[in-house]
Amino acid sequence: MMRKKYLNWINIVLILLTILLAVIFLALSLGEINFSFSQIINILTKKEGIEYSILLNIRIPRIVLGAAVGGSLSISGLVLQGIYRNPLVEPYTLGISGGAALGVSLAIVFNIQQVFQGITLPIFGILGSVAMIIILYFISLRKQNININTVLLTGVMISFMTSSIIMFIMATTTSENLQSIVFWTMGSLEEPNIFLIKIVFFASLMGLLFIYFFAGHLNALRLGESNAKHLGIDTTTTIKILFVFASVMTGISVSVAGIIGFVGLIIPHLVRYFVGSDFRILIISSFLGGAIFLLLSDILARMIIAPNELPIGVITGIIGGVIFIIALTKSSK
Amino acid sequence: MKRQLEIENIVCGYPGKFMLKSINFEVIKGSFTGIIGPNGSGKTTLFRGITGEIPINSGNIYFKNRNLKEFTIKQKAQKFAIVTQKIETPNITVEEYVLMGRFPYKKPFQFLETTEDFRLAEKYMKMTGVFKYKDTLFSELSGGEQQLISIAKALTQEPEILLLDEPTSHLDIAHQVRILNLLQRLNNQYDLTVIMIIHDLNLAGEYCDNIVMMNNGHIHKSGSASDVLNYEDIEEVYKTPVVTRENPISKKPAIFLISERVLQGKQKT
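Line order of the protein sequences matches chains A and B. Residue numbering for the first sequence follows this note's numbering, starting at 1 and increasing by one per position. Residue numbering for the second sequence follows this note's numbering, starting at 1 and increasing by one per position.
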């Protein structure tokens, strides 16, 4: 029964929220100093001392950023997959993340990191991703009936080119700049600027709400663009709006947290396997799933070579790469 | 007889490639119209012009004397339902697929289906005989069944005109007849106007009241099936010699082909 399906959706959301809460507690408790569950409650209710400062100023912002970035990247991927009707499209494979990295690298090399103070690098990151969005837009959306393989291959080539240019910059710049670029491109959830974290968090929630408004449109697009049009959807405008929105969400996330690849690929893929292809549940579950995945990846990144930290992109990249190959072999069958 | 759709001097197509030349015809409420013509004659272009898939360069289309340009895309979807030739096969159940037909009636912040939506989906799944597949994945069914489900989805839109682009292509005769009988039943019992592109002239002759015969981007002839389906017009448009006779039972026109060997009066050697 269909009505049973709605109840099922509520259960799915509750389960994911419970897992997210558990992961948040795990992320709060693990670190250079470990806290137990009761200690965390105790510290947070007392609101004083160095432990409180660790939680409030270091771990909580990191968790908020992780959840927002994970959720944003995940639904950006989901939306792009929905409008291109291809499960292999995601911000990373479309070169949007690469564009952001290139923007940031250029800002570092030209020594203009302080033009807008603390938010310079994110601004250049967004500019870089916007540039890629424009290029992709002209290649993929301006013409009608574009072949999806062309879009995907163009995206992969854009990623490849941006990383080559970044490598060129890295090879010719000073060691100080090199370090900044490497640190940034590898991706990290360590962000001292609370204002930026607030922006990312707010953008991710707005994005979630806005994209959810299009859940029905995305559902109709599953039947193909012309069928969706016949159901009363202005597909051209809808696709353009969703494309730009997904790209901007990615741009904001990547420009603050660095390149964190494959979240937008793995999470919607896994979530689709469990909840089906209805966007009304897929969007919420992918957002929560992305948040959970990135927080877990961050815990791993912090734990594996503690007290040092692995770049979080390494963790998501390895898991994501494997899933990408599995998905590719499956879809070509 | 009430005029429901009026196509007035429309010109549309693909500039530089193929354009329709000033098309005019009328569709009466409750009629069953077939659009026929050779490959490349403009059937699909005309279809796309009517459904709004491609823009119309000049001319007008009137639905119940109201210009179609005045309709929003959603309003159009409440009046016209379209069954396309190419069916995408998403991994959703048949019921979910059919329920998509209710999209034109959804309000801006309505995310869930109403009881009425479920009732209509069930009604049309039963009518098209696909109710038994309701929980089956759409992608797992055969082409003929998918076509029936597409029709069920189109009916769930509760349209006043049903447009179909070659609904029976790639199907065996049993499925062809099943689909066309269903369309005929809908047409007779519910006074639903049906317009379809069809390649098979015999099926067109048997099922359509009116036929629009296209050739080189214009209407070669339109009228009742027996007026249009005669050997002179068919030979002229299709460049193929045929013999036309009356179907002894239905009294509708039937078309017979003649092979080159028979035409040349040769015996098999």
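Treat the hints with caution; some may be incorrect.
What the hints assert, rightly or not - Simulated pairs of lysine-lysine, DSSO-like, Cα-Cα distance not exceeding 30 Å:
{"#": "1", "chain 1": "B", "residue 1": "K123", "chain 2": "A", "residue 2": "K5"}
{"#": "2", "chain 1": "A", "residue 1": "K5", "chain 2": "B", "residue 2": "K106"}
{"#": "3", "chain 1": "B", "residue 1": "K123", "chain 2": "A", "residue 2": "K240"}
No lab work stands behind these hints: they were computed from the structure.
Against the structure, the hints come out as follows:
Distance check on the hinted pair: K123 of chain B and K5 of chain A sit about 20 Å apart at the alpha-carbon level, within 30 Å; holds. For the suggested pair K5 of chain A and K106 of chain B, the alpha carbons sit about 19 Å apart, so the restraint of at most 30 Å is met. Using a Cα cut-off of 30 Å, the hinted pair K123 of chain B and K240 of chain A is violated, with the two alpha carbons roughly 36 Å apart.
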